[in-house]
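If you're matching them up, the sequences are chains S and W in order.
Numbering-wise (full-length UniProt numbering), the first sequence opens with residue 1 and increments by one.
Numbering-wise (full-length UniProt numbering), the second sequence opens with residue 1 and increments by one.
Everything labelled a hint here was simulated from the structure, so no lab data went into it.
Careful: at least some of the hints might be erroneous.
Said to hold, decoys possible - List of simulated lysine to any residue pairs, SDA-like, C-alpha gap at most 25 Å:
id, chain 1, residue 1, chain 2, residue 2
1, W, Lys-322, W, Ser-251
2, S, Lys-11, W, Phe-135
3, W, Lys-71, S, Glu-63
4, W, Lys-71, S, Thr-42
5, W, Lys-68, W, Glu-28
6, S, Lys-11, W, Arg-67
7, W, Lys-68, S, Ala-29
8, W, Lys-68, S, Ser-2
9, W, Lys-68, S, Met-1
10, W, Lys-71, S, Asp-77
11, W, Lys-71, S, Pro-22
12, W, Lys-71, S, Ala-80
13, W, Lys-68, S, Ser-39
14, W, Lys-291, W, Pro-311
15, W, Lys-68, S, Ile-65
16, W, Lys-71, S, Lys-76
17, W, Lys-156, S, Glu-5
18, W, Lys-71, S, Ala-32
19, W, Lys-413, W, Glu-280
20, W, Lys-85, W, Cys-132
21, S, Lys-12, W, Pro-61
22, S, Lys-12, W, Leu-65
23, W, Lys-85, W, Lys-156
24, W, Lys-71, S, Ser-2
25, W, Lys-68, S, Lys-76
26, W, Lys-68, S, Lys-78
27, S, Lys-11, S, Asp-54
28, W, Lys-68, S, Asp-77
29, W, Lys-68, S, Gln-3
30, W, Lys-71, S, Glu-24
31, S, Lys-11, W, Glu-69
Note that the coordinates shown come from a computational prediction; the quantities given were computed from them, not determined experimentally.
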Amino acid sequence: MSQEEIYSRVKKIVADQLSVDPSEVKPEASFANDLGADSLDTVELVMALEEEFDIEIPDEAAEGIATVQAAVDYIKDKAAA
Amino acid sequence: MTIELKRVVVTGLGAITPLGNTVAEYWEGLISGRNGIAPITLFDASQHDSQIAGEVKGFDPLTYLDRKEAKRMDRFAQFGVSASKQALADAEFVINDLNAEQVGVVIGTGIGGLKVMEEQQEIYLNRGPDRCSPFMVPMMIANMAAGLTAIQTGAKGPNNCTVTACAAGSNAIGDAFRLVQRGYAQAMICGGTEAAVTPLSFAGFCSCRAMSTRNDDPAHASRPFDIGRDGFVMGEGSGILILEELDHALSRGAKIYAEIIGYGMTCDAYHMTNIAPGGEGAARAMSLCLKDAGVTPEQVSYINAHGTSTPVNDPNETAAIKTVFGDHAHRLTVSSTKSMTGHLLGGSGGIEAVASVMAVAHDRVPPTINLVNPDPACDLDYVPNQSRAQTVELAMSNSFGFGGHNVTLLFKKYR
Numbered sequence: 001m002s003q004e005e006i007y008s009r010v011k012k013i014v015a016d017q018l019s020v021d022p023s024e025v026k027p028e029a030s031f032a033n034d035l036g037a038d039s040l041d042t043v044e045l046v047m048a049l050e051e052e053f054d055i056e057i058p059d060e061a062a063e064g065i066a067t068v069q070a071a072v073d074y075i076k077d078k079a080a081a
Numbered sequence: 001m002t003i004e005l006k007r008v009v010v011t012g013l014g015a016i017t018p019l020g021n022t023v024a025e026y027w028e029g030l031i032s033g034r035n036g037i038a039p040i041t042l043f044d045a046s047q048h049d050s051q052i053a054g055e056v057k058g059f060d061p062l063t064y065l066d067r068k069e070a071k072r073m074d075r076f077a078q079f080g081v082s083a084s085k086q087a088l089a090d091a092e093f094v095i096n097d098l099n100a101e102q103v104g105v106v107i108g109t110g111i112g113g114l115k116v117m118e119e120q121q122e123i124y125l126n127r128g129p130d131r132c133s134p135f136m137v138p139m140m141i142a143n144m145a146a147g148l149t150a151i152q153t154g155a156k157g158p159n160n161c162t163v164t165a166c167a168a169g170s171n172a173i174g175d176a177f178r179l180v181q182r183g184y185a186q187a188m189i190c191g192g193t194e195a196a197v198t199p200l201s202f203a204g205f206c207s208c209r210a211m212s213t214r215n216d217d218p219a220h221a222s223r224p225f226d227i228g229r230d231g232f233v234m235g236e237g238s239g240i241l242i243l244e245e246l247d248h249a250l251s252r253g254a255k256i257y258a259e260i261i262g263y264g265m266t267c268d269a270y271h272m273t274n275i276a277p278g279g280e281g282a283a284r285a286m287s288l289c290l291k292d293a294g295v296t297p298e299q300v301s302y303i304n305a306h307g308t309s310t311p312v313n314d315p316n317e318t319a320a321i322k323t324v325f326g327d328h329a330h331r332l333t334v335s336s337t338k339s340m341t342g343h344l345l346g347g348s349g350g351i352e353a354v355a356s357v358m359a360v361a362h363d364r365v366p367p368t369i370n371l372v373n374p375d376p377a378c379d380l381d382y383v384p385n386q387s388r389a390q391t392v393e394l395a396m397s398n399s400f401g402f403g404g405h406n407v408t409l410l411f412k413k414y415r
């Protein structure tokens, strides 16, 4: 799975979950600071990413995923493993 | 110590109902005797004994909420918040930093976010506990319509949720009335909301044998006081009032629909779902309400009945009215607007208070439709099938709930 493919799927999920315009979902965007996610949104977003990519994201790892790019990187590593 | 009780008036109304999603449409539907009952579209009811309901039609939460806000609310909360916003706008009441702590919310519901709970239960069973949404609990809990209305409007004063089944909306208005009367708030957003047209809810109510199964003729299924009635028809929606301290309303030049002057509440202490024989507890609620208001039975012009169209409610409510009003029971008018909207459970007290207030404001009483052959045990003037022009000085609204809760409110023409 290419970086671009992951990014495009992450972008769609984030836009959908956080009810934001896809154009706002830039790699450097922070879920909490730029995209208006609160603690409940973040939990739901991680669950949606787990479903989409059929992976498990442990709570400790989820805490480190604060931006779109961080999510893409994490998923890329997981998919490669 | 005696507390000086303040006069409390109704300055705003909001309604999301099976007859329309504004107060104007709702009232027009009521006085033209329009039916709001149809086959269920919200879920596949083909396996249920009852397959009809008074659904809210054409409701777009995005009229009142942004996409993210709407997504985080169960339908019952969307209705409650939307009707509250309508009511505040109608009252032209602005909540700001100066008055926020003086404005509160009491919104009742019988059940709460059942739709969300059912969806999440399915996820739990099929995919396990880790897949359940973090929004499940905050979306389903019954108080969330009141909490979200405060979040959406900035009302930081007293906030509560009554959960007294089908009396919840009326309890909410009565409790809010007390708060303003005693000076704990200058204004209250209050009423009821419900969205329980769901598969599990219908399964349970059908098993209680409480619902009409006239599936082939939905328009005539809700027929309070008629001999052919066979149970209630469920409706959904929300009715909200702005109650305001009189001097506060006058000082800002608010329009005043009516004054709220009485609140009575009792319990049958008899049975989980059946009304006490002769409507004993209901009669006491009406009597207490009259006493609270300091008026005589003869002053009452109109009663918006609980009138569920169940075999048990209607004759017992009729008997209770006769106990309280004596001969005057045959002179006042009584109608059940549930004949048109269905029974909104915890939402019913809200929309029926709106109907009662409009009756006072417009001197017109809505009819009981589908009343063709009255039950011999139901022999009052139920305003059959056509609304009627009538001077409505005092309008009473009854709500009774599973658990034996009986609540009566009294509205008066403002002078």
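Now for the hints, and whether the structure bears them out:
no.	hint	result
1	Lys-322(W) - Ser-251(W)	violated (41 Å)
2	Lys-11(S) - Phe-135(W)	holds (22 Å)
3	Lys-71(W) - Glu-63(S)	holds (24 Å)
4	Lys-71(W) - Thr-42(S)	holds (15 Å)
5	Lys-68(W) - Glu-28(W)	violated (33 Å)
6	Lys-11(S) - Arg-67(W)	holds (18 Å)
7	Lys-68(W) - Ala-29(S)	holds (18 Å)
8	Lys-68(W) - Ser-2(S)	violated (30 Å)
9	Lys-68(W) - Met-1(S)	violated (30 Å)
10	Lys-71(W) - Asp-77(S)	violated (32 Å)
11	Lys-71(W) - Pro-22(S)	holds (17 Å)
12	Lys-71(W) - Ala-80(S)	violated (34 Å)
13	Lys-68(W) - Ser-39(S)	holds (14 Å)
14	Lys-291(W) - Pro-311(W)	violated (30 Å)
15	Lys-68(W) - Ile-65(S)	holds (21 Å)
16	Lys-71(W) - Lys-76(S)	violated (30 Å)
17	Lys-156(W) - Glu-5(S)	violated (47 Å)
18	Lys-71(W) - Ala-32(S)	holds (18 Å)
19	Lys-413(W) - Glu-280(W)	violated (29 Å)
20	Lys-85(W) - Cys-132(W)	violated (31 Å)
21	Lys-12(S) - Pro-61(W)	holds (23 Å)
22	Lys-12(S) - Leu-65(W)	holds (22 Å)
23	Lys-85(W) - Lys-156(W)	holds (15 Å)
24	Lys-71(W) - Ser-2(S)	violated (32 Å)
25	Lys-68(W) - Lys-76(S)	violated (28 Å)
26	Lys-68(W) - Lys-78(S)	violated (30 Å)
27	Lys-11(S) - Asp-54(S)	holds (16 Å)
28	Lys-68(W) - Asp-77(S)	violated (31 Å)
29	Lys-68(W) - Gln-3(S)	violated (28 Å)
30	Lys-71(W) - Glu-24(S)	holds (19 Å)
31	Lys-11(S) - Glu-69(W)	holds (20 Å)
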